[in-house]
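Go by the hints and put chain B onto chain A.
Those protein sequence lines, which keep their order, are chains A and B.
Each residue of the first sequence is one higher than the one before, counting from 1 in our numbering.
Each residue of the second sequence is one higher than the one before, counting from 199 in our numbering.
Derived by calculation from the structure, the hints in this document are not laboratory data.
Certain hints may be false.
As the list claims (entries may be wrong) - Straight-line alpha carbon distances no greater than 20 Å define the calculated SDA-like cross-link-like pairs of lysine to any residue that follow:
(1) B:Lys254 with A:Gly125
(2) B:Lys385 with B:Gln410
(3) B:Lys254 with A:Leu119
What the hints assert, rightly or not - According to the in silico footprint, chain B covers these stretches of chain A (three or more CB under 8 Å from chain B):
(4) 101-108
(5) 119-129
No residue lacks a Cβ here, since even glycine has one placed at the ideal position from N, Cα and C.
Chain by chain, the residues run as shown.
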Amino acid sequence: MSLNSNSVTMNETLSQVLSEPDVQSALVTALQKLPAAMETLTELENLSLFAKNVLTDKESLQSVVSGLQSDLPQLNFDKESLDALFALVNKLPKFVELLTAVEPMIEFVRAVLDDRTSLENLVHGAQSVVHPVTATIQSGTELLQAAKQRAGADRSPVNVFSLMKLLRDPNVQYGVHFVQAVLGILQEHQEKATRSDG
Amino acid sequence: MRYKVVIVGGGTGGITVAARLLRKSKAFHGQVVILDAAEKHYYQPLWTLVGAGEVKRETTERDESSVIPDGAVWRKEAIAEFQPEENYVVTEAGTKIRYEYLVVAAGIQIDWGKVKGLPETIGKNGVVSNYSYDYAESTWDAIRNFKGGTAIFTAPNTPIKCGGAPQKIMYLAEDYFRKAGLRDRSKVVFASGGTIIFGVKKYANALSNIVQERDIDTEFFHNLVEIDGEKHEAVFEHLKTHERVSMHFDMIHVVPPMSAPDFIKRSALADANGWLDVNKHTLQHPKFANVFGIGDCTNAPTAKTGAAIRKQAPVLVDNLVAAMNNKPLQEGYHGYSSCPLITGYGRLVLAEFDYDNNPQETFPFDQSKERFSMYLLKKEVLPVVYWDGMLKGLM
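This is chain A alone, in the form it adopts within the complex (with noise of 0.2 Å):
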């Protein structure tokens, strides 16, 4: 077959198709769209020539790179970091979990803390509970220093009738009943461990 032939037969095709309803409309709404076209094209390929000339400007690109090797920290991006990145993007369902879980907690945390009324309260409420147990502690501080020192100063002889008159103190009498109560629940301690051996 000829050149002549096979153009003939194009433009005949060509025509058909030309001839059908569906395309004519198509190359309308083409013809239509076409400035629109031509100026995204253009602007590719702005983009483009701009990418290419900053590709070609050393000074620039040595100075971006410097700038990010400056803010940025050292990044050893190697297989290991690779893994490792993949490993936290499997986990990453998990960790959001968690962290939904957690992050009430730390809002009440930060609620408690800004709020000055609550924070008050629970002080006062921690002293009001800390206060009997601190008062006692220092009211038998103070009463063991007064009586070091009243002892110290009491340079008076210890007799029989003064031992006698301490004897009737009902503290003393608890304090002697309480140490024969000891002194009694030993001995049948020691009894019952003899039994036993024997």
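Then chain B, alone, in the frame of chain A:
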């Protein structure tokens, strides 16, 4: 005026739901309106300790504006009526507010007037009550000025908020009388319209022992109907025999009858008893699918406590969002409630249970035993959890 979500009530339930919704999505910002005319918000669980002289009443009060979550619209208006068929509410000022979804968190109504003579004498003549910010301090005045005689502690036969509260103040007062050396000159009476000391067997056993050990007289089926403050006389109706029984008192702590708020009673949202009708597991209204309810105003058969609201709120919010997205609702609320039963100064039994009155305890020890640690939890920790956790939609 139209909003995506209208919340009726800026109490524990309303604020918690609003905070949770706003935390769930920024899309709700400016779309959630809270209707409440009150200027103040109260942490009521501490009123028992105000009445016992352990806590200053001012620590239980904050400005309502301070608890409104960021992103919510607060309209300082009281609700007057519901129009659920047409999806709007009307306020007492006559404002008509349309909604896509309605949350009713209206709380409970205290009917002081249902006991004859009570409104005239409350706060005077040894007649006191912890069920009001205004009168809670009068309870402490009565307890510390008590010189011996008869101290009566009542409980009505209606549902009430915090069912354990009538007993708590009684145990505290009895403890105080004992420490003040007045116990042998005093008679302590628990006169209740109920039939038992507590609904959950495990805690009822513990409380029965406490009542017996401390020589407290219990009079069940006794409902307070009339009070004469000047004569120091209280009249009870025996709920079985319907006889009237008069009792002399030197001090009396009154727990008033309570009911659903009147604007719910007269609306199409109410059940036969006047409470807001809800599915007890999903908290959705059975007839109006875009209406949900939370807390004391509902007919969910649980103890009416803040702890119940803490468990209801996340279920309600999830179901509300599910309804908005045409997804199925979850039956997620199983009646959890908690009642920290103060049994004396520094002693507390922490009752936690569900719809079936089965204990649902949080701590790994027997909570039916009186503990100082649980007392500290109630007095020091739970208020912080309330203000900074619950009302912020975090807990």
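Hints, one by one, checked against the model:
Between the alpha carbons of lysine 254 of chain B and glycine 125 of chain A the distance comes to roughly 11 Å, so the proposed pair stays at or under 20 Å and holds. Of the supplied pair hints, the one linking lysine 385 of chain B and glutamine 410 of chain B holds, its CA atoms being roughly 13 Å apart against a limit of 20 Å. Using a Cα cut-off of 20 Å, the hinted pair lysine 254 of chain B and leucine 119 of chain A holds, with the two alpha carbons roughly 15 Å apart. With a cut-off of 8 Å between beta carbons, the segment 101-108 of chain A has 4 residues touching chain B; three or more are needed, and the interface restraint holds.
Counting residues of the segment 119-129 of chain A whose C-beta lies closer than 8 Å to any C-beta of chain B gives 5; at least three are required, and the coverage claim holds.
This entry satisfies every hint, going by the numbered hints stated previously.
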